[in-house]
Amino acid sequence: MLRFIFWRLIQAIPVIFVVITATFFLVRSAPGGPFDSEKAVLPEVKRALEAQYKLDLPLHEQYFAYLSDLSNGDLGPSFKYPGRSVNEILGSGLPVTAELGLYALSFALLVGVFAGVFAALKPNTRQDYIPMGLAMIGICMPSFLLGPLLVLIFGIYLDWLPIAGWGDLPGDKILPSITLGSAYAAYIARLSRAGMLEILSQDYIRTARAKGLPEWRVVTQHSLRGGLIPVIAFLGPAFAGLLAGSFVVETIFQIPGLGRFYVQAAFNRDYTMILGTTVFLSTLIVFFNLISDVIAAWLNPRLRAQFKGAA
Amino acid sequence: MRFFQTFLTVSSLVVLLTACSSGESNVVSGNREGLLHYGNGAEPQGLDPHVVTGVPENHLIRALFEGLAVKNPKTLEPEPGVAERWDISDDGTVYTFYINPNAKWSNGESITASDYVWSWNRALHPDTGSLYAYMLYPIANSEAYSKREITDFNEVGVKALDDLTLEVTLNAPTPYFLQLMDHYSSFAVHPETLMKHGKMTDRFTPWTRVGNIVSNGAFTLEEWSLNRRIVMKKSEHYWDRDNVALNGVVFYPTENVVSEERMFRAEQLHYTQVVPLDKIPGYRESADPSYVQAPYLGTYYYLVNTDRPPVDNVLVRRALSLALDRDQLTRTVLQDTAIPAFSITPPDTLGYNPPKLFDHDPEKARQLLAEAGYPNGEGWPGLEIIYNTQEAHRKIAVAVQQMWKSELNIDVTIANQEWKVYLDSVSQRNFQVARRGWIGDYVDANNFLDLFITEGGNNNTGYANEVYDDIILNRAPKAKTREERYGLFYEAETMLMQEMPIIPIYTYTSKHLIHPSVEGIYPNLMDSLNLKYVRLHPERRLNEEAD
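Going down the list, the sequences are from chains A and B.
Everything in the first sequence is counted per my numbering, starting at 1 for the first residue and increasing by one.
Everything in the second sequence is counted per my numbering, starting at 1001 for the first residue and increasing by one.
None of these hints come from the bench; they were simulated from the model.
Heads up, a few of these hints could be off.
Unchecked claim - DSSO-like mimics (lysine-lysine), calculated; alpha carbons at most 27 angstroms apart, straight line:
| id | chain 1 | residue 1 | chain 2 | residue 2 |
| --- | --- | --- | --- | --- |
| 1 | A | K54 | B | K1199 |
| 2 | B | K1147 | B | K1104 |
| 3 | B | K1074 | A | K46 |
| 4 | B | K1196 | A | K54 |
| 5 | B | K1074 | B | K1104 |
| 6 | A | K46 | B | K1104 |
With the rest of the complex left out, here is chain A:
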């Protein structure tokens, strides 16, 4: 098992390195620079700015300077927000985005697993079709539609919940978490239904039922562990996706997270900010994929046996 983790970590290094290099040169090859603005910038001002941010150096020197800063954990100064470092901006946005992602994922698991298991118990009946139909709608419904819809109903007409902000007013975290989590809930519902269906047709479940165990114990103690393996495998990429993909929800609900900076950085040609967020998120994605692989292996006796054999 340790060897497996070790090899996966070694493989991650070239992946991240390629991401850094490609991003570095791609953003610089895009037309327009960080200091272009609608009002003409005087040439002497532009020179002064480029000198302050080392953009007057040849490209390869900039690249190596960046790599050397990066190896010290320094992502550089933001071009768009003078006086702020990329580290600082990531540091301020990440806890918020992570918290939002965690709530969204909790909501997705709670609703998704329940609906999926519920549907799997009576396949091809109304108990299956209704939650699965809803799940299909959930997958198809984009958050830029669902968010404003929830706001309209619960924020404006019913006036139950605040419609924007994060931790400013009581309850303002609910609508964004649901909006972000619902597409994942729908996906998880379908995954857990499929997983449960497979497990429920196994012989050992028939044995459990034959022993006279009540159905709820069959489900919770015998089937869930196996039935949810596909869900576990999905959680790593899902959490990474929640972190990287929260832009829309953060914009709709005025949430001070990472997503807004990530997208704005690209529009602003904020080179260091684009690189910083990309490197950071790709590292996270690699990391979460690894974690979910490890958990899936730990839950699945067949895979576990493979590792034992290999070790």
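Put chain B on the given structure of chain A with help from the hints.
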């Protein structure tokens, strides 16, 4: 298995615990506590007056700092700020500012004339790289200093005669100079505070952070949470604090205009930066007084590249302009939120009215196009309009495209470009027709007309006319009276609109939602708001019909 059960229990608890009924709205609590909740459009780049540019930054900096002179919120005429009065020499080139002895920094120290000398040295210094350095160029030798042609700041026309007297010598009479004193690029910063955190010309020190910043305006910085809010509190040391009604202001980075409007309806904001176009008819129909629209000092126009055929021909340019039905465009596409424009300077810019040389005249347009060699569009080589990717620009481009097709029978393609790509195309003059807007930095026709001097950084059209340059650069600044000066501007602008290197489309308006409890926000051309004059009346409630 325990893991799942625990996890499910914990996560359901989390969801339930965060659920609560919605409490008191920001507006209700704000009215009680004297706190204005202000939608500010975006997260500011920063708060250093010599480093950042932009509208949200402007609002924040002007709440924290104050210039030598400020603008009256109704008339925009200059009135005392840090300077309690000033003298102007008879030839209009020497300004003597007398600093208010009660004017203090937020740490209690007095503001001195030498603080201004130091600050303007910083603003003009080539190493600082201030994008707005040119705002101070009317000052003698400042341009040479900022371009490193001279290196001794003593040669620049700024002198501290004593602690409270600042003498400023200009190159030439500059009637709008006092207005520039209310622009953040001319604001003073506290020298010791900056030096504590780095060099004078450093752009990225943390001197503007909470706890570090020392400012001189009506408010002081209390909290700055990135992308969440900026909180300011009434200053204890501001010279006119007795006239400041608010106890504080909370600024929100309301990037998403649709969310901003919803926040207003849910009473989370007193004031919105903009109003989404499709919401405006609703507010109008219900005659909701929260919706406030006013003319704004800005013009939306199409740049024409006068070196590219077929628009290198002035007849073609005039035909294109005459074929546009600006009334229809502003009425339908823009929902009456804009004013048709026939020139670059907005109407009534401090008493100046631009010439109107043409109107919608399809007959004449067809005739001009025929004279140019394209009768009824025959032989037309094609034309492309570029615009930066935004729905509003696209709608206008489509309308223009259709008007040109139906009136002149010519084919025009439209192409959107991402913002920085578009900026690059415009500055490289890699276009035939490009969408453009200009918002005035100060209320004077000069700010619009000097765009089109030969090789000007914002000209981008290839327009070059020596007579025009002479009027703008030499004759108008030396004019003795306002009438003479405006007469010269009129002459120059007439020349410009005969040559038509730009096709004016509309004059902007500012659009806000303002809660009925707010008093002291007056519509004006600059959309300029002095928070010092704002007060809240808790008894005035939002019109329920607005929902």
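Worksheet item: Failing hints, ascending?
Response: Violated hints: 2, 3 and 6; rest satisfied.
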